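Enquirer: Here's the letter readout for the chains.
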Amino acid sequence: MEFTAQQIADFLQGEIIGNPDAKVNNLSKIEEGVPGTLSFLANSKYIHYLYETKSSIVLINKSFEPEHPVQATLIRVNDAYTSMAMLLNMVEAARQPKSGIDPNSFIASSVSLPSSVYIGAYSYIGENVEIGENVKIYPQVYLGENVKIGNDTTIYPGAKIYRDCVIGNNCTIHSGVVIGADGFGFAPMGDSYVKIAQIGNVVVEDYVEIGANTTIDRATMGSTYIRKGVKLDNLIQVAHNVEIGNNTVMAAQCGIAGSTKVGDNCMFGGQVGLAGHINIGNHVNIGAQSGVTKDIDNGQTIFGSPAQPKKEAFRTAGMIKRLPNMLKLVEELQQEVKLLKQKLEE
Amino acid sequence: MEFTAQQIADFLQGEIIGNPDAKVNNLSKIEEGVPGTLSFLANSKYIHYLYETKSSIVLINKSFEPEHPVQATLIRVNDAYTSMAMLLNMVEAARQPKSGIDPNSFIASSVSLPSSVYIGAYSYIGENVEIGENVKIYPQVYLGENVKIGNDTTIYPGAKIYRDCVIGNNCTIHSGVVIGADGFGFAPMGDSYVKIAQIGNVVVEDYVEIGANTTIDRATMGSTYIRKGVKLDNLIQVAHNVEIGNNTVMAAQCGIAGSTKVGDNCMFGGQVGLAGHINIGNHVNIGAQSGVTKDIDNGQTIFGSPAQPKKEAFRTAGMIKRLPNMLKLVEELQQEVKLLKQKLEE
Amino acid sequence: MEFTAQQIADFLQGEIIGNPDAKVNNLSKIEEGVPGTLSFLANSKYIHYLYETKSSIVLINKSFEPEHPVQATLIRVNDAYTSMAMLLNMVEAARQPKSGIDPNSFIASSVSLPSSVYIGAYSYIGENVEIGENVKIYPQVYLGENVKIGNDTTIYPGAKIYRDCVIGNNCTIHSGVVIGADGFGFAPMGDSYVKIAQIGNVVVEDYVEIGANTTIDRATMGSTYIRKGVKLDNLIQVAHNVEIGNNTVMAAQCGIAGSTKVGDNCMFGGQVGLAGHINIGNHVNIGAQSGVTKDIDNGQTIFGSPAQPKKEAFRTAGMIKRLPNMLKLVEELQQEVKLLKQKLEE
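Chains as they are written, first to last, in this note's numbering: chain A, 1 to 346; chain B, 1 to 346; chain C, 1 to 346.
Derived by calculation from the structure, the hints in this document are not laboratory data.
One should not assume that every hint holds.
The list treats identical chains as one, so a pair stands whether inside a single copy or across any two.
[Claimed, not checked] List of simulated lysine-lysine pairs, BS3-like, C-alpha gap at most 25 Å: (1) Lys23 - Lys54; (2) Lys62 - Lys45; (3) Lys328 - Lys338; (4) Lys311 - Lys321; (5) Lys29 - Lys54; (6) Lys136 - Lys148; (7) Lys261 - Lys343; (8) Lys261 - Lys148; (9) Lys23 - Lys62; (10) Lys29 - Lys45.
Since we're looking at a predicted model, the values are computed, not measured.
Isolated chain A, as found in the complex (with noise of 0.2 Å):
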């Protein structure tokens, strides 16, 4: 499909600057454009791309002003992010959509199936499953019995849900995510342990997006909860009786540990560590690999290990930095004590 400058500009409420009638065909990076192809230039640090680029057209934003010639032809628009988002998303939603239930897939008997869900080959569908509609299971995907599948929701090649876990509406679950394997719960007996049943299962409300090979264990007794709205990157580890809030945010590798409450709207940096059966407020921000022992108020921004409040935290590398400064300073003290010392038992 190719479209032109025109029709994209008509499609984001733009202003075209230069060829009404240059042509693309797909989108690309402004530092790797080729003729043909659309970029957006949102962030400064890549001005200087925009008069390099081979790429036909860019997205400005409206309160930009090219300060040398640029050859592609300019759309502005108001926000160049968020109209290359939209483009974006038009590509992706322009895809053959995947449908129709792979006659090599297993469907047990007490359950029923929209027509509007795809399951892949090689899936398993448990007894009691309910799949909601427009539903995209792909191939190797395992649903123990009582799983519950909202609509519009997509589960990728090899994701695996244990019995009994809840999904909501409009969530994507990518390949190699578990969610609902046993917490990890285990009681002392003499020198080894007796394993504690966990009973309990996980509730994915709508709009959750979980990243591959991310694990979400079931809890105990009740749920783990990933709230509406929660986005989770790769390789996460949620424990048993968790619950996330609304619409927080955590990059890949994060550890959040059992029966902990992480509130709405947070942002967690990568390979965030969390203590089990704590607090953390509403707006809270972590810097990535901090360790957090503690409850953490609404809106505190935090890092190290352990973690502090930022001004602390940089209080403290700030004080480190200057500690051979601070040892000298010391040195010539100690000297100069000595050299009084001297003068006054003269």
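Could you slot chains B and C onto chain A? The hints should help.
Expert: Just chains B and C, lined up with the frame of chain A:
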């Protein structure tokens, strides 16, 4: 199934306070209790929930005396946590066990299966695999040739066990676990690397639990050992030729580099990293996110990155906290010494 | 198969000390040697095992002179480690290669497969997939539409490769690897987030090894690149639009955030985290558990979180160790200054 307080008290050898005919058909956490469920109280942090809970029955420790009236029927037992674990395990045991061999599974011709075994759909059982009594192999599992699985072991959907690996009795292996992938061994050759074949295996002894998406690499030669009673949480990395001693417990996302030996009855917090070729003694506790690069003696408690004994780590942390004050003190001293000098020179 | 010391010495161009008719049929570690096996000695830490080992043959370096009598037959070679690697690879190569296309696999109608290819049971090969000569695809693998796999590449059970991704020649991809899942891209919209479609792909060049359960996300636009000869251990996260340069080696559980570029011939310890949008030069070494937030020049060795050049990191660590002494010194000075003041005031 419904049980009375009397039936439960008899089973747990407990003493009833309240209505022996109170009936329950499920278990719940005390803070989420609803009528018809049984909860427990063990952690003193949760005592206030006892006076509010809607649970019909609550297990309490013999040593505990309520200070306010309680609506629920109480059952006093020696150890409420252990009693609850028993009930959880009973609920779990009451679930209909999986059985039979799914016709949509691949069983190599050289394999003979006990009639007590369950093999789920789309699982692959390679040549010369040996499987014990009452083994449950869920769908989409892979067992490479010559793999041995002991009695009463459960392997959840999609776990992959490479050829020649050995799993003991009464083990639980969760979805996404990979046992026996190649150790990370490469010999430099000029600027690039040549792979060193990994011809050993992994030996997992009895009563081991391995969490979702954990990876345990095969040995270069010989075996990587996971000893009896070890409990590994999710997303843990165990490199080639590692040995993890009896009853050692590791929380999620730990990583153990090649040829390291961990002793018996150790406890690791989450996200701990161990360097290769080191020895960790028995009964060693390692705090979350620690990095360990040296041998550790029996019975040590260490944390930090690099890890230090608890006492030193606390001292260091305390010192760092005192840095701003120390700097202030040094500056004051500097001022005073200057004044003293002036006075002396007068 | 059994070989004599003479046969092995001839093959390795080594020199025999002892019995040229000594026979072995397997390889072992020197500390676990049993009769009928061959071991090697390269690391001086292990020399004492040479005098105790039960191995029938031991490879030693030409430069090494035993100081005590040795029971085993020795073969002196230029480099015992490399020679052992050659023997390991010979043992591996002697294994019966997998071949044929399992009838219980799904091959899309548009795919044509070379006769040299192995496709295992329950694998899914999507439309327009291209597969080279001698490729081995184990059971339960997923290759989305338009995936390309070069010659002589092996993909272990259960690996998942999303549509449009490209894998080179002579690659090894272990179980549970996910290549091409969506990059973690969301645009804020009020309090919640809108997904940004990820329409790029992943390009893995030749001679790359990817460890179990590692995840490599597709680019937003363009490609995420894993260059020739890269070796990634298990459970590593590579985010969208990352580029990892030729022959770079990363230990387990590293995480590389979006759009970061890593140079050639770097070595990363385990659990390293890299921020997004940074550049790491060539021949950079990064210590385990480091956190890197800034560009790093060629040839640097860094560690710590935040990472520092080796020299500075050591100085900082040394300073922190000296803190208790520094504090003591400051307190002594405080006391002395007090005394001096008293004296002056007298």
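Enquirer: I want to check one pair: Lys328 and Lys338. Are their C-alpha atoms no more than 25 Å apart within a copy, between two copies, both, or neither?
Expert: both (15 Å within a copy, 16 Å between copies)
Enquirer: Taking 25 Å as the upper bound on the Cα-Cα distance, should Lys261 and Lys343 be classified as within, between, both, or neither?
Expert: Answer is neither: 65 Å inside a copy and 61 Å across each miss the 25 Å cutoff.
Enquirer: Checking an output row: Lys261 and Lys148, CA cutoff 25 Å. Within, between, both or neither?
Expert: Within one copy only: 24 Å inside, 41 Å across.
Enquirer: Could you place Lys29 and Lys54 in one of the four classes (within, between, both, neither) given a Cα distance threshold of 25 Å?
Expert: So Lys29 and Lys54 pass the 25 Å test inside one copy only (10 Å; across, 58 Å).
Enquirer: Can you tell me if Lys23 and Lys54 fall within 25 Å by alpha carbon in one copy, between copies, both or neither?
Expert: Within one copy only: 13 Å inside a chain, 67 Å across chains, cut-off 25 Å.
Enquirer: Between the shortest in-copy and the shortest cross-copy C-alpha distance, which are at most 25 Å for Lys62 and Lys45: within, between, both, or neither?
Expert: within (17 Å within a copy, 56 Å between copies)
Enquirer: For Lys23 vs Lys62, is the C-alpha pair at or below 25 Å within one copy, between two copies, both, or neither?
Expert: This pair counts as within: shortest intra-copy Cα distance 22 Å, inter-copy 68 Å.
Enquirer: When no copy is named, should Lys29 and Lys45 be tagged within, between, both, or neither for a Cα gap of at most 25 Å?
Expert: within (13 Å within a copy, 52 Å between copies)
Enquirer: Is it within, between, both or neither when you check Lys136 against Lys148 at 25 Å Cα-Cα?
Expert: The answer is both: 13 Å in one copy and 24 Å across copies each meet 25 Å.
Enquirer: Checking an output row: Lys311 and Lys321, CA cutoff 25 Å. Within, between, both or neither?
Expert: Cα proximity of Lys311 and Lys321: in one copy and across copies (15 Å, 13 Å).
Going through the hint list in order, the structure does not satisfy hint 7, though it satisfies all others.
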